[in-house]
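Hey, can you work out the whole structure from these sequences and the hints?
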Amino acid sequence: MIEVRNVSKTFGTQQVLRGVSLDIERGEAVVIIGRSGGGKSILLKHLIGLLQPDSGTVRVDGEDITAMDERNLLRVRRKYGMLFQMAALFDSLTVEENVGFVLRRQGLESEAEIRRRVAEALEMVELPGIGHKMPSELSGGMRKRVGLARAIVYRPEIVLYDEPTTGLDPIAADNIDRLIRRVWETLHVTSIAVTHDMKSARTISNRILMLHEGRIYSEGPTAEILESADPVIHRFVNGISTPQKPN
Amino acid sequence: MPVLLIHRRFQAFTTQLGEIFQLLVESVRSLRYERPSWKDFLNQLHFVGVKSQSVVITTGAATGMVLCAQTFLQFHKVKMDTATGAVVSIGMSSELGPVLAALMLTGRVGAAMTAELGTMKVTEQIDALRALAAHPVDTLVVPRFLALLASAPLLTAESVVVGIVSSWLVGVHLLGIDSAYYLVNMTRYTDPPDVMTGLIKSVVFGAIIAVVSCYKGLNCQGGAEGVGRATTEAVVAASISILITNFFLTLFLARVFYP
Ligand SMILES: Nc1ncnc2c1ncn2[C@@H]1O[C@H](COP(=O)(O)OP(=O)(O)OP(=O)(O)O)[C@@H](O)[C@H]1O
Ligand SMILES: [Mg+2]
Numbered sequence: 017m018i019e020v021r022n023v024s025k026t027f028g029t030q031q032v033l034r035g036v037s038l039d040i041e042r043g044e045a046v047v048i049i050g051r052s053g054g055g056k057s058i059l060l061k062h063l064i065g066l067l068q069p070d071s072g073t074v075r076v077d078g079e080d081i082t083a084m085d086e087r088n089l090l091r092v093r094r095k096y097g098m099l100f101q102m103a104a105l106f107d108s109l110t111v112e113e114n115v116g117f118v119l120r121r122q123g124l125e126s127e128a129e130i131r132r133r134v135a136e137a138l139e140m141v142e143l144p145g146i147g148h149k150m151p152s153e154l155s156g157g158m159r160k161r162v163g164l165a166r167a168i169v170y171r172p173e174i175v176l177y178d179e180p181t182t183g184l185d186p187i188a189a190d191n192i193d194r195l196i197r198r199v200w201e202t203l204h205v206t207s208i209a210v211t212h213d214m215k216s217a218r219t220i221s222n223r224i225l226m227l228h229e230g231r232i233y234s235e236g237p238t239a240e241i242l243e244s245a246d247p248v249i250h251r252f253v254n255g256i257s258t259p260q261k262p263n
Numbered sequence: 074m075p076v077l078l079i080h081r082r083f084q085a086f087t088t089q090l091g092e093i094f095q096l097l098v099e100s101v102r103s104l105r106y107e108r109p110s111w112k113d114f115l116n117q118l119h120f121v122g123v124k125s126q127s128v129v130i131t132t133g134a135a136t137g138m139v140l141c142a143q144t145f146l147q148f149h150k151v152k153m154d155t156a157t158g159a160v161v162s163i164g165m166s167s168e169l170g171p172v173l174a175a176l177m178l179t180g181r182v183g184a185a186m187t188a189e190l191g192t193m194k195v196t197e198q199i200d201a202l203r204a205l206a207a208h209p210v211d212t213l214v215v216p217r218f219l220a221l222l223a224s225a226p227l228l229t230a231e232s233v234v235v236g237i238v239s240s241w242l243v244g245v246h247l248l249g250i251d252s253a254y255y256l257v258n259m260t261r262y263t264d265p266p267d268v269m270t271g272l273i274k275s276v277v278f279g280a281i282i283a284v285v286s287c288y289k290g291l292n293c294q295g296g297a298e299g300v301g302r303a304t305t306e307a308v309v310a311a312s313i314s315i316l317i318t319n320f321f322l323t324l325f326l327a328r329v330f331y332p
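Heads up: the protein sequence lines correspond to chains A and W, in order. Each residue of the first sequence is one higher than the one before, counting from 17 in the working numbering. Each residue of the second sequence is one higher than the one before, counting from 74 in the working numbering.
Worth flagging that the hints you see were computed from the coordinates, not collected in a lab. The reader is advised that the hints may include incorrect statements.
[Stated by the list, open to error] According to the in silico footprint, chain W covers these stretches of chain A (three or more CB under 8 Å from chain W):
no.	stretch
1	100-107
2	232-241
[Said to hold, decoys possible] Here are some chain W residues the structure puts well away from chain A; computed CB gaps all over 12 Å:
no.	residue
3	F86
4	K112
5	R203
6	N258
7	I273
8	V276
9	G301
Cβ atoms here follow ideal geometry from the backbone N, Cα and C, with glycine treated the same way.
Shown next, in the form of structure tokens:
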């Protein structure tokens, strides 16, 4: 469904992506892991055409989105939902208007139906009854969850989650993990998440890709990567900052 | 080295000019793809049109009054007191009215637009909009663009009328010009093309303010400081563009109206 080939991206003098290639099939649940500042958010933005690579191609359902203008990209992006790392809620709109943004723009449903679906989505992220609030009145974790509701309320085919559980308390995080899994299982979406939380990765993915030094260093089924003996992966997964010397 | 620097500056300048023009084309083209939202348009109309009135009225009144006083003081020396009204009315409707109203709008409205869009840019809200399959030009630029196109001529007309009325008050009641002569000379020398010139200019200036401010906002980079810098740049660029465009429009419209 998504094919990335040799994507490179440089900001100023810093080469963030150095030839990333990956494939994601329809209906998969993938987690991307990697060091902070390693380019995961940048990679996600390439998958949805928010950034264009310096070289390489990104194909979505066979269409090369790196050669598209913004108007055509909009058509492709209708397949996507995206949760931004900082939630990126529209701060001039209420929570309810944020979540209902796409539904209202599509204009396919009655106002009452839209309200119902928005309320339902807010309930799913455990924030019922906050529709009238402004984003500036919410905590960081609440914003994240509103961002999540906004990304899934219109039932996209592919959902990108940039660190869905960072900044949430353990119980809320577990709930969000379950929600992401439920969305994946019941709505048959293709789910692509970036996370630093290994417990979360276990719940929400069936495959893990590790981004390291601007390339896909390793990939494999979730359990395999989490148990991997490869020193780079092992250190990352278990959070070890210096290589341990054998006694 | 200096040559290279000048070359680079010039290149950056022309690139920006091209991109601003592209934004203008895209805004016009956007009307084909999507009907602008009434709600956004009315909100902008309220902000741009209704709320700018006090600024524009004050500017018009102040300009009309000083223009009248200064013209009178000079004309009085050659006993042409009663021509004062004509100078004020032509000057206000074709030059000072549109230019000063546009400059005030740049400061009040253009700056706010750049700051708003710039903040949205640096907080990833523009990216979020794009990710939700909404074109920033359709949803953000077009309502602002249309609101300015609609408001600028009305505000300019308002400013001109207020300017002329206040000049009449100053001329007749303060400086003692005969009211009848003041008005007769004013209407005799002020032709419809003078008024049209001012209104056409104001539409062009409105478009400049909208496109330049939105461009600077959408291309803003780097946090609060970036937003501040973009806002300054937008105000400077729009003001200078207005002044330069005004000169050429004066020449051009004179050709059109008085061939
Ligand atoms: N707009 C930009 N301009 C310049 N450099 C950028 C820009 N955006 C990101 N970078 C650089 O790209 C690198 C990767 O950023 P990215 O946000 O993808 O990291 P990340 O893997 O998501 O990290 P984290 O886990 O902390 O979110 C960073 O080193 C950052 O400095
Ligand atoms: Mg990130």
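Hint-by-hint comparison with the structure:
1. Closer than 8 Å: that is the beta-carbon criterion, and the stretch 100-107 of chain A has 6 residues meeting it against chain W, so the requirement of 3 holds.
2. For the stretch 232-241 of chain A, the assignment as covered by chain W is violated, since 0 residues bring a beta-carbon within under 8 Å of that chain's beta-carbons and 3 are needed.
3. Once the 12 Å rule is applied to beta carbons, F86/W is consistent with being away from chain A; the minimum gap is 21 Å.
4. In this structure K112/W is not separated from chain A by more than 12 Å, as the shortest Cβ-Cβ distance comes to only about 10 Å.
5. Consistency note on R203/W: stated as away from chain A, yet its beta-carbon is not over 12 Å from all of that chain's, at 6 Å minimum.
6. With 12 Å as the threshold on Cβ separation, the claim that N258/W sits away from chain A holds: the shortest Cβ distance comes to roughly 51 Å.
7. Here I273/W stays apart from chain A, with its beta-carbon at least about 31 Å from theirs, past the 12 Å limit.
8. Taking the minimum C-beta to C-beta distance to chain A, about 27 Å, the non-interface status of V276/W holds against the 12 Å cut.
9. Distance check on G301/W: its Cβ is at least 18 Å (rounded) from any Cβ of chain A, clearing the 12 Å threshold; non-interface status holds.
Taken one by one, the earlier hints fail for this structure at numbers 2, 4 and 5, listed in ascending order.
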